[in-house]
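Quick mapping for you: the protein sequence lines, in order, are chains A and B.
Its first residue numbered 4, the first sequence is counted upward by one per residue in my numbering.
Its first residue numbered 4, the second sequence is counted upward by one per residue in my numbering.
Heads up, a few of these hints could be off.
No copy is singled out in the list; a pair is fine if it fits within one copy or between any two copies.
Said to hold, decoys possible - Straight-line alpha carbon distances no greater than 27 Å define the calculated DSSO-like cross-link-like pairs of lysine-lysine that follow:
| no. | residue 1 | residue 2 |
| --- | --- | --- |
| 1 | Lys-226 | Lys-597 |
| 2 | Lys-332 | Lys-460 |
| 3 | Lys-226 | Lys-460 |
| 4 | Lys-249 | Lys-332 |
| 5 | Lys-578 | Lys-61 |
| 6 | Lys-578 | Lys-597 |
| 7 | Lys-551 | Lys-597 |
| 8 | Lys-61 | Lys-149 |
| 9 | Lys-551 | Lys-249 |
| 10 | Lys-332 | Lys-226 |
| 11 | Lys-597 | Lys-149 |
| 12 | Lys-332 | Lys-597 |
| 13 | Lys-226 | Lys-578 |
In short, the hints are calculated from the structure, not lab data.
Predicted model only: the values in this text are computed from it and were never measured.
Number of protein chains: 2
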Amino acid sequence: MTNPLLNDRDVSFLLYDVFDAASLLALPHFADHSRETFDGYIGLCARFAHETVFPAFKALDEEPPRLVDGQVFAHPCLHDILPKMREVGVFAASRPFDVGGQQLPLTIATAAHLYIMAANPAVYSFAGLSTGAAHLIEAFGSDDLKARYMTPLYEGRFTGTMALTEPHAGSSLADVSTRATPAGDHFLLSGSKIFISGGDHDLTENIVHLVLARIDGASAGIKGVSLFVVPKRRVTDGGLEGNDVKISGLVHKIGWRCLPAVILSLGEAGDCRGWLVGEPHQGIPYMFQMMNEARISIGADGVAGASVGYHESLSYAASRPQGRPVTSKDPRLPQVPILEHADVRRMLLRQKAIVEGGLGLVLQAALCADRARHAATEPERQHAQLLLDLLTPVAKSFPAEKGFESNALALQIHGGYGYTSEYLPEAWLRDQKLNSIHEGTTGIQGLDLLGRKVMAKGGAALVALETEVSAACRRAEAAGVDAAWVIAVRHAGASLNALTRELGARGSAGDVEGMLCHSADYLELFSTYAVAWQWLLQAAAAKEGLAKGGEPRDHDHLEGKLAAAQYWIRTELPKNAALVTLCRENEDSYARMKPGWF
Amino acid sequence: MTNPLLNDRDVSFLLYDVFDAASLLALPHFADHSRETFDGYIGLCARFAHETVFPAFKALDEEPPRLVDGQVFAHPCLHDILPKMREVGVFAASRPFDVGGQQLPLTIATAAHLYIMAANPAVYSFAGLSTGAAHLIEAFGSDDLKARYMTPLYEGRFTGTMALTEPHAGSSLADVSTRATPAGDHFLLSGSKIFISGGDHDLTENIVHLVLARIDGASAGIKGVSLFVVPKRRVTDGGLEGNDVKISGLVHKIGWRCLPAVILSLGEAGDCRGWLVGEPHQGIPYMFQMMNEARISIGADGVAGASVGYHESLSYAASRPQGRPVTSKDPRLPQVPILEHADVRRMLLRQKAIVEGGLGLVLQAALCADRARHAATEPERQHAQLLLDLLTPVAKSFPAEKGFESNALALQIHGGYGYTSEYLPEAWLRDQKLNSIHEGTTGIQGLDLLGRKVMAKGGAALVALETEVSAACRRAEAAGVDAAWVIAVRHAGASLNALTRELGARGSAGDVEGMLCHSADYLELFSTYAVAWQWLLQAAAAKEGLAKGGEPRDHDHLEGKLAAAQYWIRTELPKNAALVTLCRENEDSYARMKPGWF
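Please take these sequences and the hints and turn them into a complete structure.
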């Protein structure tokens, strides 16, 4: 049995039954679309993922790219896969018609791309990184830059990168030291960038790096950082020309292995040209205007990786006989599939709750992004933007952290076989680990959530969330969801709000360290709550579906939803109480820990 | 700075200040020893680990063994390492003088071997598996088998394996189907065994497999399984002879890679001879009499792997500048080491609490094993045996599960670098994952703890534990440990005892499924409590040490102990409350989950 990557039925359930994504069709921006074009694109991506991407997974994992004489050579399979991904239209699916896109909602594009991510996150990234780079030029670049670089990126003729990180300044963008010296219509760049995904390969004729650098004389810190287009080959009126971007090394990643991660050396020969995007010294704000979508995409990667692992362990558990029920140990009876054992069911239900709860969270965030840009009224757009900003660090980090646990469970369910490279769970576990690191580590997401998102605008984002959760509670009550679950979610929300006010007061009183000390615990309890909200929504939709009747397979799917919602709300949500106490009492064991004490 | 593998100071603190291991010298069995011979052996193993084993780690990980024409060839480095491990006396360190051992307490041998395990668990296993195989022959075999096979195993001239697992019967030993047909003084074996660690190599002239098989006509289930010595080459009076043990495949493990895991095919040519160990049909009881020590050894592997990862991330965090304090973001100031950031300190303190708490637990279990065999009086021996049986599933699974989390944190602290194979944390993460699988999965440990250990003999083991914890509480109070911590541990113990009685009553009433449904949660809360007990003991010893004065470095070490104890008791222990509720209420989401609902 082949791995379904995602449960098709569940994707449809979430989009249309839980979230009413069809309501997006009423917005002018999506007026040319229909449920058929939505489902058509999802189906196209799913087929591409199943037929082209997934079959190459193992080969791509086993033979990483090679660096030969300063040129990176990608795996031969990719020469077949990338053109097909271009044909599917992945590079510009959610971008407007006028830049050559399909103008699909991000919600629909995300659902569709999840299949490709599940089949291989690194393959998807060739497109995802290109979309991100092109989107920056679209939003802030000149018409000339758009014509030369954005259009070929959206067409998939070029690929793009985000060249932020430097060896001495990983997460600290304030310390970017790559220099940009004015030279007429362009700048001359010099410096080094590391971990640049897709930073070199032989799959397209050009690669466009979006580079953070400091114009000579700019001030220290993030306020002196500007954004540049630095192509591998300059697009001139006469064709492509070399641009003094050297590949000084290849990083040997433990996952996402077909996506080259390179060390770039800019301007070794003094002729690396870059073109400023937008205004000088605005590099960081520009980058952060794209950050929500980038981080939702990482969240989607996390969900996708957890999903493919979940389906693999589910299939294994259903087909692997081993042992007998605890109440019937007669060795003359045949062994039962391990799915019959309570603890295996526990592990599978935990995976399901993480995968499908995370999927809800990621689609919810994408829906907020769509509404923040395209909702009919300004108050609706503002409400959606507040929610989007708030949910982004959660949608980014929850799938990464709990997805890793879920992938570890997938390996565990496979027993000794899971510990071998003959089976795939170990590869997904490696792939998943990246998601807690790139695009801002989990630690940084915690600081972003507690230090910025919940505190901004006098706590307006939490109020916006409360509105949504209240609506979910009412929907759940109307649908006949167990009243105790609704009460538990309401209670957790009240507790979160009270805690946040308390921490905010601590910060306002000048104790910023005390406010942020337990940001990791805060992120965890907030995530658990946000996922409980999603599970309540899914339980409500499941109850609504069951009331309608329908086929037995749908019935099973909906009953499973109720069991997973119960699991999350009764097993995970109660764990928040202890975390709230830690934050509130500001438990100080690591705050007072001195370096010499370790 | 080289990785210390373990903190020497901490090993000494645990052995002599926390546990008073020197008191073992008063027992007749260890009368020939002294503190100097204890420390001498630990130092010898530590030096061997640092100078010989650890430097080869990367080479051994990168080039796994090869199978060529039915013969496995180990990495060339091992031809140098194994003889040195023999010289150190690792193979029989804890065995009696009269079988050629050093008659060291298991406590001391475990502490010493932890260094080798931290340097490379797979290297240690060549010895550990041999000791286990030889010990079975020592305990149950004939004098003839001892002379031919046990002695060369203890001398390290042969190596040994445990050949339990079959392809269709991983964890289910009741389904072992390898056949043993009587043929005079021996049996003819036929069948297949999988995942046999050390099952073939070219490092020693012989390999001795301890094989579970079923004598023709034996009953079904575990009561029909016997234990055999099945050598790669038969030891005859005239020398070594081949024995029809074929290597039909090599398993590609994701860690422990220098230790070959093979598929054995026994008796393809009809001439695979095995010699019965002890009585027929006693294979499983024999194996389980060795199980405590085998499982403590896996726990030690988990602690060792977490320890080497912890020290690596600690050293990285102290030397890697990145970002600035949350209260002082001036970009003109230099970056600070990431150890300064609260969330990095949190991750490191969590690692420390897991590593050193786990170390306490493993040494405590080893101490129980020593006292169970060699204590002066029968009641003391019985008390120690009860505790040993109880603690074994916890000492086996806690380091595996939380050690995996700890190893993931070590990778996380390394950021993008951690995600590369240029750094070691990813390798330790892979190595660690095996410990939740081999020698009984974590799920099986949970069933063992709740279904057997706490219920046996009317709950006598929990009473024995309570005696120990009460003594620890009194010691902590006398030493001036924070009274709130003592109360928290007492309270958690009372809660655990009440829960256990309730679950026991559920089982006695016939609801075995209901009793065992939350065995994973029970194992987790029990483990958290057991480690809290260990941290209370360590806090008491730290307070005692601080009261004595001493050097500033000792002072720092002891202050760190108090902070880690505080962390565990205030951060982890309160999480038990939610788990107790799940067990008590028998939350039924996965119990009622049907296969079609997933």
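Tested hints:
1. In the homo-oligomer, the alpha carbons of Lys-226 and Lys-597 never lie at most 27 Å apart, since the shortest distance is 33 Å inside one protomer and 57 Å across protomers.
2. Taking the shortest alpha-carbon separations for Lys-332 and Lys-460, only the inter-copy value of 22 Å comes in at or below 27 Å, while the best intra-copy value is 62 Å.
3. Only within a single protomer do Lys-226 and Lys-460 lie at most 27 Å apart by alpha-carbon distance; the minimum there is 22 Å, versus 70 Å between protomers.
4. Taking identical chains as interchangeable, the C-alpha atoms of Lys-249 and Lys-332 are never at most 27 Å apart, the minima being 66 Å within one chain and 33 Å between chains.
5. Neither within a single protomer nor between protomers do Lys-578 and Lys-61 lie at most 27 Å apart by alpha-carbon distance, with minima of 38 Å and 40 Å respectively.
6. In the homo-oligomer, the alpha carbons of Lys-578 and Lys-597 lie at most 27 Å apart only across protomers (26 Å), although the nearest pairing inside one protomer, at 29 Å, exceeds that limit.
7. Taking CA atoms no more than 27 Å apart as the test, Lys-551 paired with Lys-597 passes between copies only; the shortest distance there is 21 Å, against 61 Å inside one copy.
8. In this assembly of identical chains, Lys-61 and Lys-149 lie within 27 Å of each other by CA distance neither inside one copy nor across copies; the values are 37 Å within and 47 Å between.
9. Proximity of Lys-551 to Lys-249 under the C-alpha cut-off of 27 Å is found in neither arrangement, the shortest distances being 62 Å within a copy and 61 Å between copies.
10. Taking the shortest alpha-carbon separations for Lys-332 and Lys-226, only the inter-copy value of 12 Å comes in at or below 27 Å, while the best intra-copy value is 69 Å.
11. With identical chains, the CA atoms of Lys-597 and Lys-149 are never at most 27 Å apart, being 52 Å at best within one copy and 54 Å at best between copies.
12. Taking the closest pair of Cα atoms, Lys-332 and Lys-597 come within 27 Å of each other only across two copies (21 Å); inside a single copy the shortest separation is 54 Å, beyond that limit.
13. Proximity of Lys-226 to Lys-578 under the C-alpha cut-off of 27 Å is found in neither arrangement, the shortest distances being 41 Å within a copy and 43 Å between copies.
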